[in-house]
Every structure is written in C-alpha cells, then in structure tokens.
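Engineer: Here is how the chains run, residue by residue.
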Amino acid sequence: MEQVVANGVYLGSQYAMIALGLTLIFALMNVLNFAHGQMYVIGGFVTYTFYGQFEVPFLLALLMSCATLAILGALIEKFLFGPVIRRSAREESTMLLAAGIAFLLDAVILLVFGEKQRGVPKIVDGVFNWDFRIIMPYDRMLICGLAILSIGAFIAFMQFSRTGRALRALAQDRTAAQLMGVNVNRYSMIGFALGAMLAGLVGGLLVTITGVNLGMGGPTSIKAFMMVMIGGAGVISGAIAGGFILGMLEAVGLAVLSQYGDITYLVIFIALMIFLAIRPHGLMGKPWG
Amino acid sequence: MTRLLALVVFLFSIFWLVPFLISVTGRWNFYFTLTSVALLSVASAGVWLTFYIGRINIGQGAFALIGAYVSAILVTKAGISFWVSLPAAGLFAGLVAVLIGLPILRLRGVYFAMITLVLTEVVRLAALALPITNGAKGIVSIPLPSELSIFGITMIPDFSTMENSKLAFYYAACALMVVCFASLYRIVNSRLGHLCRSMQQNEELAASVGVNVAHLRVIVFAISSFFGGLGGAMFGAIAQSVYPSSFVVKDSIDFMLNCFLGGLGYVFGPMLGTLTLYFGWDLMFELGKYQLLVFSSVLILLILVLPNGLLSIRLGWIRRLTR
Numbered sequence: 001m002e003q004v005v006a007n008g009v010y011l012g013s014q015y016a017m018i019a020l021g022l023t024l025i026f027a028l029m030n031v032l033n034f035a036h037g038q039m040y041v042i043g044g045f046v047t048y049t050f051y052g053q054f055e056v057p058f059l060l061a062l063l064m065s066c067a068t069l070a071i072l073g074a075l076i077e078k079f080l081f082g083p084v085i086r087r088s089a090r091e092e093s094t095m096l097l098a099a100g101i102a103f104l105l106d107a108v109i110l111l112v113f114g115e116k117q118r119g120v121p122k123i124v125d126g127v128f129n130w131d132f133r134i135i136m137p138y139d140r141m142l143i144c145g146l147a148i149l150s151i152g153a154f155i156a157f158m159q160f161s162r163t164g165r166a167l168r169a170l171a172q173d174r175t176a177a178q179l180m181g182v183n184v185n186r187y188s189m190i191g192f193a194l195g196a197m198l199a200g201l202v203g204g205l206l207v208t209i210t211g212v213n214l215g216m217g218g219p220t221s222i223k224a225f226m227m228v229m230i231g232g233a234g235v236i237s238g239a240i241a242g243g244f245i246l247g248m249l250e251a252v253g254l255a256v257l258s259q260y261g262d263i264t265y266l267v268i269f270i271a272l273m274i275f276l277a278i279r280p281h282g283l284m285g286k287p288w289g
Numbered sequence: 290m291t292r293l294l295a296l297v298v299f300l301f302s303i304f305w306l307v308p309f310l311i312s313v314t315g316r317w318n319f320y321f322t323l324t325s326v327a328l329l330s331v332a333s334a335g336v337w338l339t340f341y342i343g344r345i346n347i348g349q350g351a352f353a354l355i356g357a358y359v360s361a362i363l364v365t366k367a368g369i370s371f372w373v374s375l376p377a378a379g380l381f382a383g384l385v386a387v388l389i390g391l392p393i394l395r396l397r398g399v400y401f402a403m404i405t406l407v408l409t410e411v412v413r414l415a416a417l418a419l420p421i422t423n424g425a426k427g428i429v430s431i432p433l434p435s436e437l438s439i440f441g442i443t444m445i446p447d448f449s450t451m452e453n454s455k456l457a458f459y460y461a462a463c464a465l466m467v468v469c470f471a472s473l474y475r476i477v478n479s480r481l482g483h484l485c486r487s488m489q490q491n492e493e494l495a496a497s498v499g500v501n502v503a504h505l506r507v508i509v510f511a512i513s514s515f516f517g518g519l520g521g522a523m524f525g526a527i528a529q530s531v532y533p534s535s536f537v538v539k540d541s542i543d544f545m546l547n548c549f550l551g552g553l554g555y556v557f558g559p560m561l562g563t564l565t566l567y568f569g570w571d572l573m574f575e576l577g578k579y580q581l582l583v584f585s586s587v588l589i590l591l592i593l594v595l596p597n598g599l600l601s602i603r604l605g606w607i608r609r610l611t612r
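Chains as they are written, first to last, in the numbering used here: chain A, 1 to 289; chain B, 290 to 612.
Hints listed in this document are in silico derivations from the structure and should not be mistaken for laboratory results. Please note: incorrect hints may appear among the correct ones.
[Said to hold, decoys possible] Here are the simulated lysine to any residue pairs, SDA-like style, with alpha carbons at most 20 Å apart:
id, chain 1, residue 1, chain 2, residue 2
1, B, K539, A, G215
2, B, K539, A, L214
3, B, K578, A, K122
4, B, K578, A, N213
5, B, K578, A, M64
6, A, K122, A, M64
7, B, K539, A, G218
8, B, K455, B, Q580
9, B, K578, A, L214
10, B, K539, A, M216
11, B, K578, A, G114
12, A, K78, B, L593
13, B, K426, B, A415
[As the list claims (entries may be wrong)] Chain B regions said to be covered by chain A (calculated; three or more residues, Cβ under 8 Å):
id, region
14, 348-359
15, 515-521
16, 540-548
17, 581-593
[Stated by the list, open to error] Cβ-to-Cβ under 7 Å is the rule here; a few derived chain A residues that face chain B:
id, residue
18, M1
19, V4
20, F225
21, L266
22, V267
23, F269
24, F275
25, A277
Using N, Cα and C, we set each Cβ at its ideal position, and we do this for glycine too.
Please work from the sequences and hints to get the whole structure.
Structural biologist: See below:
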C-alpha cells in the first residue's frame with residue numbers, strides 16, 4: 001500500500017509538470033499544443049547530449065534543456081502561432097498548425113538525434129528501503145523532489161512576480177489585460193516559452209530514469225491532455241491536481257489490475273469519460289474553456 | 290448547369306479516365322493509392338460533418354477501427370457476406386457514436402477535441418484487451434468480398450474469382466465515395482444542414498429559437514461515425530487484415546488535417562484535402578529521411594498562407610462549383 005502511494009506521488013509529480021506547461025499555453029492563447037510531447041522529448045535529448053555525451057554537470061544540462069525549449073517556444077509563438085491566430089477566420093486553424101508543428105518537431109528529432117532509445121548514467125546510486133514497505137531508488141526520489149521543487153517555484157513565480165501577474169491577467173481576460181497596459185504580444189511569447197520550458201525540464205529530469213526515444217512524444221501528449229481534462233483546462237491548480245490524480249490512478253491500477261492484463265489505461269479512459277459526462281469542465285475548469 | 294457538367298466530368302474521370310490512364314502507363318500500384326484516398330476521404334467526410342456543427346473531432350480513427358473489426362468479425366466468425374457486413378459495420382459504429390455521443394457531445398471546443406482524441410486510444414486499447422478481437426495478433430486472412438446477388442442476378446461478382454481484384458476494389462471504393470459525398474451534399478443542403486449551420490454559429494441562440502440541439506448533434510455525430518465505420522470496414526477488406534494499430538491517433542489527426550486542408554467551408558474539401566495530403570506524402574517519398582521534415586514544413590507554410598483551406602483560393606469558378 002505504502003509502495004503504491006509512493007509510486008503515485010513519484011508519477012504524479014512528473015505528470016503535473018507536463019500538464020502545467022500544456023495548461024499554461026492553453027490558458028494564454030487558447031491553443032491546444034499537440035507538440036507538447038515532442039517538446040518533452042527534445043528536452044530529454046538535449047539533456048542526454050550534454051550530460052550523457054559531453055559529461056557536463058547534470059544541473060547545467062537541465063538548464064541547457066530549459067534554455068533550448070524556451071527559445072524554441074518563443075520562436076514558435078512569434079513566427080507561427082501569433083500570425084495564424086491573428087489572421088485565420090476560425091480558431092480551429094491553430095490546431096492544424098499545432099499538429100503540423102508536432103510533425104515538424106518529430107522530423108527534427110529524427111534528423112538531429114536519431115531514432116534510438118537513449119539513456120544516461122544514473123545521477124545517484126543506491127536504493128531506499130524502508131522495511132520492504134517502500135522501496136524506491138534514490139535517483140527517483142531526487143527527481144521527484146526536484147519536480148515538486150520546480151512546481152513550487154513555478155507557482156511562486158506566477159503568484160509573486162510581475163511577469164507572473166501579467167500572465168495571469170492575460171489568461172483571465174485578454175482584452176482587459178491589454179487595456180490595463182499589458183503588452184499582449186510580448187507576454188504571449190513569454191508564456192509560450194515558459195510552457196515549452198516546463199516540458200523541456202521534465203524531459204531533462206526523466207531522461208535519467210526512463211531514457212528517451214523518438215516515439216515518446218505522442219503518448220506523452222495524450223497523457224497530458226487527460227490530466228488537463230481531469231483538472232480543467234487553463235487552470236494551474238487543476239493541472240497539478242490532474243497530474244497527481246492520474247499518477248495515483250496509474251500506480252493503483254498497475255498494482256490492482258495487473259492480473260487482468262494491460263488494461264489499466266483502458267479503465268482510466270472509461271472512468272474519465274464517465275467523469276466528464278458528469279462534470280464536463282473538469283474539477284476546477286472554467287465552463288467551455 | 291456548370292455544376293452538372295462538373296459532376297459528369299468528375300464521374301467520367303474517376304470511373305473511366307483514371308483506369309484508362311493507369312492501363313496505358315501500366316502503373317498498377319496507383320490503384321491501391323487511389324483506393325486508399327477514396328476510403329480515407331469517406332472517413333474524412335464524417336469528420337467534416339462534425340466540424341459542420343462546430344465540433345473538432347479527432348476520434349474518427351476509433352470509429353474506423355470499430356467498423357473494420359465489426360466487418361472482419363462478421364465475415365470471418367459469422368460467415369456473413371462482406372456486402373452485408375459493410376452497412377452493418379457502419380450502423381454499429383453509428384450506434385456506438387450515439388451511446389458515446391450522448392454524454393461527450395455536451396463538451397465543446399478543446400474539451401471535445403481532447404476527449405475524442407482519447408477515444409481513439411480507448412478503442413485501440415479495447416481491441417487489444419477484448420477476446421473477440423484476438424488482441425495484438427489481430428484478425429488476419431479475411432476472405433475477399435464474395436458475390437452479391439439479388440434474386441439470382443449477380444450484382445457484384447465474387448472478388449476472389451476476378452483476375453484483378455485491385456481494379457474491383459478501386460471501383461467499389463469510388464462508388465462508396467461518390468455515394469457518401471452525394472449524401473453529404475444532400476445533408477448539407479437540407480433542413481438538417483441549415484440547422485447545423487445555426488449550431489455552428491451559436492449553439493445557445495439556435496436552442497433559444499427552438500432547434501433541438503441535443504438531439505441534432507447526436508444524429509450528426511452518428512452519421513459522421515457511420516461514414517467512419519464504412520471507410521474502416523472497406524479498408525480492412527482490402528488489407529484483408531485488421532490490427533489494433535490499423536487506425537491510431539496519427540490517423541485520427543490525419544482525418545482532421547484532411548478536412549482542414551481542403552477547407553472547412555466546402556463539402557468537397559475533405560476529398561481534395563485527402564488527395565493532396567496522401568499524394569503529397571507519397572510524392573515526397575523520394576526525399577528519404579527528409580520526407581517528414583519537408584512534408585511538415587509544407588503543411589505549416591500552407592496554413593500560414595491559406596489559413597482557411599485549399600478551396601478558399603480565390604478562383605471564382607472553383608468556388609461556384611463546390612459551394
């Protein structure tokens with residue numbers, strides 16, 4: 001039992017970070033970022049390249065991942081999403097664009113990093129063992145701690161910094177924020193960069209445990225969508241709740257349902273559909289996003 | 290009048306000109322490509338119809354997979370003729386759509402898009418888990434469609450006795466496509482179509498003037514999934530096999546892209562979009578490992594230059610014909 005809870009917290013902390021980036025982008029621009037999983041994979045590969053191959057310190061490699069993705073996100077917003085949102089007759093066009101960007105990033109990953117599964121050496125050795133009730137490798141605990149720390153830092157940033165306030169204003173009401181003197185274009189770019197950076201950070205953290213490969217992007221995006229749906233799109237607390245709930249469900253499902261074969265996700269999906277039928281905008285979402 | 294002429298030219302070219310050109314040039318593999326385009330455009334037509342009521346549907350892969358499995362199971366396990374199983378597959382997909390649609394059609398915008406995307410995964414995982422679908426091994430060596438006769442008169446000959454089943458499949462798929470798009474055109478230009486347009490613009494307003502919105506959107510979603518089921522069933526028959534990975538999230542997204550690319554405001558948008566996307570991808574095969582890079586770049590450029598689809602190019606005569 002304790003083991004299941006520990007696994008759930010560990011999974012949940014990573015999932016919450018992935019969902020945070022997605023929900024931030026959604027809240028600011030009303031864009032469903034299909035390419036979020038691919039951004040996560042790029043973050044993983046950058047950390048792999050710097051930490052695994054050039055042997056720079058892990059934290060520095062993580063910073064490199066964040067910086068790469070932040071720049072990438074800013075460029076994508078400035079040159080792709082921004083113009084399309086301004087010009088297109090229907091807002092659905094941004095979904096086509098997001099899908100196109102997902103393909104493009106897949107192609108870039110394929111060309112730059114190849115299609116092999118990559119892993120890096122462990123950052124710390126050893127396994128934590130509490131009386132055989134909770135068994136967890138130290139590196140997982142470290143990653144989990146780092147993830148929770150970054151979530152805390154992100155919330156603090158959104159709550160107390162000037163940029164964070166501007167972003168929250170933008171998410172609440174774009175026009176009103178503009179009237180109050182918020183530079184909408186600039187903060188949209190910053191927000192997108194921040195969301196992409198979070199994806200890169202999780203990718204960099206997780207490469208030390210699960211490794212990284214080209215095919216991880218799509219499934220990651222789908223999981224992120226589920227978390228956002230559970231918590232409610234565009235709400236930061238909802239993304240965190242959704243991440244931890246999904247992590248917990250997955251941990252419990254793997255423990256309880258494993259004897260019936262690989263049906264954990266099937267059950268979660270069906271439960272999610274029933275849940276959404278009762279509460280269409282998730283736990284904390286605004287109605288109709 | 291010009292519209293009628295265009296229709297005649299179109300029918301003439303797909304049923305006579307294309308087979309003629311292929312037999313002259315001897316590029317028989319083109320049949321498979323064109324058959325795929327025809328079937329994928331049928332499924333895309335369904336997606337287009339849900340766009341028409343203002344919903345972003347990324348779940349057509351789910352219904353295509355359901356249709357493919359229903360047809361395959363009926364043909365292999367129950368021994369029913371393929372031509373009976375084809376509408377049965379469509380109807381079953383439609384029925385599933387009604388059951389699922391009742392709750393999830395309350396969702397809108399991005400929420401609906403996400404839940405339909407998840408639906409694609411649900412069906413794939415269900416196909417892996419259920420005993421009747423044979424898990425990851427899939428259903429293989431499905432017999433070719435048998436003879437269809439009414440009162441002893443052969444309507445459609447047995448595909449397995451034909452020397453060229455590719456051509457037969459091409460004709461069948463094109464016929465299916467023509468029928469589906471004709472009915473789509475009919476739906477859009479009927480009372481139902483007008484009601485759909487009102488829903489696309491403002492659902493509350495439509496409801497306030499007495500449109501039964503909840504009823505209507507389930508019907509439209511069922512029709513949409515019926516198309517998906519048909520396309521999927523026929524695809525399974527051509528491939529003679531169905532796997533849980535026959536239709537995945539990538540396919541669902543492709544169906545959506547087809548509609549976008551062709552233009553959401555035009556009935557024949559999905560057809561043109563499918564043709565462009567499929568052939569575009571195939572033509573870029575020569576580029577080797579740069580295929581995906583060039584393809585996605587072109588896609589992004591297209592959406593930057595033509596955010597409202599290919600058919601939105603301002604050419605008067607195209608607009609008149611396709612409206």
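Engineer: Now tell me if each hint is right for this structure.
Structural biologist: The hints, checked one at a time:
no. : hint               : verdict
1   : K539(B) to G215(A) : holds, 12 Å
2   : K539(B) to L214(A) : holds, 15 Å
3   : K578(B) to K122(A) : violated, 32 Å
4   : K578(B) to N213(A) : holds, 17 Å
5   : K578(B) to M64(A)  : violated, 27 Å
6   : K122(A) to M64(A)  : holds, 19 Å
7   : K539(B) to G218(A) : holds, 9 Å
8   : K455(B) to Q580(B) : violated, 27 Å
9   : K578(B) to L214(A) : holds, 14 Å
10  : K539(B) to M216(A) : holds, 13 Å
11  : K578(B) to G114(A) : holds, 11 Å
12  : K78(A) to L593(B)  : holds, 13 Å
13  : K426(B) to A415(B) : holds, 14 Å
14  : 348-359            : violated (count 0)
15  : 515-521            : violated (count 0)
16  : 540-548            : holds (count 3)
17  : 581-593            : holds (count 9)
18  : M1                 : violated, 26 Å
19  : V4                 : violated, 22 Å
20  : F225               : holds, 4 Å
21  : L266               : holds, 4 Å
22  : V267               : violated, 9 Å
23  : F269               : holds, 4 Å
24  : F275               : violated, 10 Å
25  : A277               : holds, 3 Å
In this structure, the hints that do not hold are numbers 3, 5, 8, 14, 15, 18, 19, 22 and 24, in rising order.
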